[in-house]
Amino acid sequence: MKIVVCVKQTPSTTAVFSVNGGKVSWDDPGGKPLVVNPWDEYAVEAAIQLQEEHGGDAIALSMGTEESLEALKTCLAMGCTEAILVNDGTFRDADTLGTARVLAAAIEKIGDVQIAFFGKQAIDGDTGNTPVQVAVKLGWTPLTYVSAIKEIDAGGGTITVERQVSGGKETVTAPLPVAISVVKEINEPRYPSFMGIRKANRATIPSWTAADIGLDAGASASRVDWSRVYPLPARDASVEMISGDSPQEIAKKLVDRLFEEKVL
Amino acid sequence: MSGVWVWIEQDNGNIAPISLEALGVGRRIAGELGTNLTAVVLGESVQGLADEAFTYGADAVLGMDDALFGPFRVEAYGRALAQLVAGREPDVLLLGNSSRGHDLAAWVAAQLDLGLAADGTDIAVRDGRVVVTRPVYAGKLLSDVYVTEGVQVVTLRSRAFAPASATGGSGEAEWVQPAVSEEQIGATVQGFESAGSVVSLTDARIIVSGGRGVGGPEGFAPIRGLAEVINAAVGASRAAVDAGWIPYEHQVGQTGKTVSPDLYIASGISGAIQHQAGMRTAKVIVAINSDPEAPIFKLANYGIVGDLFQILPALTEEFRKRLG
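Chains as they are written, first to last, in our numbering: chain U, 2 to 265; chain Y, 564 to 887.
Certain hints may be false.
[Claimed, not checked] Covered, in the sense of this in silico footprint (three residues per stretch, anywhere, with C-beta under 8 Å from a C-beta of chain U), are these stretches of chain Y:
| no. | segment |
| --- | --- |
| 1 | 582-590 |
| 2 | 598-604 |
[Said to hold, decoys possible] Cβ-to-Cβ under 7 Å is the rule here; a few derived chain U residues that face chain Y:
| no. | residue |
| --- | --- |
| 3 | GLN52 |
| 4 | ARG199 |
| 5 | TRP227 |
[To be verified] 30 Å max Cα-Cα, derived DSBU-like pairs, lysine-lysine:
| no. | chain 1 | residue 1 | chain 2 | residue 2 |
| --- | --- | --- | --- | --- |
| 6 | U | LYS170 | Y | LYS884 |
| 7 | Y | LYS846 | Y | LYS861 |
| 8 | Y | LYS861 | U | LYS253 |
| 9 | U | LYS3 | Y | LYS861 |
| 10 | U | LYS110 | U | LYS151 |
| 11 | U | LYS110 | Y | LYS846 |
Source of the hints: derived by calculation from the structure; they are not laboratory data.
Note that this is a predicted model, so its numbers are computed, not measured.
Just so you know, even glycine gets a beta-carbon here, dropped at the ideal spot from N, CA and C.
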């Protein structure tokens with residue numbers, strides 16, 4: 002079984018951002034400014050588990066600059082069997098749809114892929130549109146918010162998953178190939194092993210351009226403008242501390258204030 | 564026909580709250596653009612939903628009523644909505660950013676090669692384009708996003724906008740035959756397990772949350788007690804979830820849910836930036852923490868320095884008295 006997992010290199014969750022003349026930059030007190038998008042780690046783990054169970058390949062795929070090689074090495078160190086970078090100057094300003102076109106074209110070039118895994122969303126752009134959009138471009142069934150893979154019937158060519166949707170859990174069956182986005186409940190991602198890290202450091206990761214995957218220069222052009230980025234305005238709240246001689250007195254004061262504000 | 568379209572999501576046969584918000588926003592945008600507001604209703608036996616859309620201010624209703632649209636499957640809904648959009652080219656297509664609306668917007672944008680401005684917490688019209696303000700980098704920055712050409716697909720964050728009010732309007736919906744067939748759809752829904760009647764975090768008007776300070780799974784008892792009396796959902800910080808005290812579905816924050824309730828009561832939560840990313844758009848924030856230096860107090864409207872195991876029961880009692 003050939004499985005692809007799409008990953009994105011993002012700033013870490015502890016990154017502190019600043020904006021200067023519309024350009025976003027960040028620092029990280031933890032000293033790890035770029036990481037594998039945390040949501041994608043669950044997708045990587047899901048891909049590796051299926052590969053271990055069913056054989057075949059678990060291929061990590063990332064669209065990005067050379068910086069994204071680090072993310073791909075992390076995937077290899079965790080246990081992915083291969084990694085591929087798609088890197089082209091024309092991809093730089095791709096919106097989610099442009100990104101989907103690029104990833105779909107790369108998946109077609111890999112060929113014979115049965116499942117493409119994705120994290121639920123990336124923690125920088127936070128839209129989570131790519132999994133569905135890649136599925137549309139490939140003509141595959143998208144299965145989003147997957148919390149468990151219940152069954153893969155390789156002979157019949159179907160997969161059954163549990164999806165977390167508003168109000169509960171839905172069980173869905175679909176014919177392969179499928180594009181799956183996973184939620185955190187699906188698994189507990191493993192740490193890269195020592196042997197895995199050594200293997201990852203020795204690996205050569207191919208880098209494909211737009212031409213390599215058969216895309217025209219304009220294929221990733223964006224129809225969305227997001228050039229204006231700015232810091233959050235401070236919450237206009239200045240905290241009102243509530244104190245009293247007893248918990249009951251404090252509770253009464255707070256409830257009074259909440260009723261005055263008509264939040265209840 | 565062009566104008567502003569709103570996709571109507573249903574919730575047990577009624578218009579979902581998030582679509583009432585979308586109708587409210589749609590009305591405003593249509594006014595600013597000087598055009599009409601059309602509600603798009605897809606489903607099985609949805610005449611009532613169409614009538615309700617008129618009641619909430621739609622000028623026109625465009626619908627498809629077919630067994631294909633029984634349980635929500637994005638492959639069916641996506642193709643159907645794309646068929647309508649491609650044929651009539653609205654200026655704007657608005658959807659609520661629920662799990663369904665999210666997938667549907669992504670599908671339609673991909674099938675028709677349209678731009679998508681997602682998850683707006685604020686919407687304005689500038690130079691005839693809809694400008695969406697949305698949090699990025701996990702809510703640490705804001706970005707103004709707009710679609711530069713073609714139909715503008717826009718999604719709205721739940722609870723960020725005032726719902727449309729009933730105008731008592733009525734009208735005749737236009738029903739269209741879907742050019743979609745079951746053979747085009749891969750997914751078969753086998754079953755659905757309801758989460759029960761618990762208030763969902765993203766829809767909740769009030770959330771009571773617990774963090775490291777609750778000390779253990781049993782520490783959520785006073786939180787649940789208060790939540791029950793004020794009809795609130797129960798939230799948690801990542802620290803409490805990672806410790807195994809409460810399931811992940813309760814997690815609020817960067818790697819959990821993003822919420823915008825009217826009232827957020829944070830108890831025993833220090834307020835790490837990752838948690839703030841999930842709740843800073845709450846209208847009123849109350850923080851209860853034993854550490855007066857906790858960063859949550861910088862975000863809160865009301866702060867109480869004290870023991871949550873004393874404050875929460877007292878609050879529960881006070882609310883019970885006042886709310887009868």
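Hint compliance check: list the failing hint numbers for this structure, sorted ascending. 1, 2, 3, 4, 6, 9, 11
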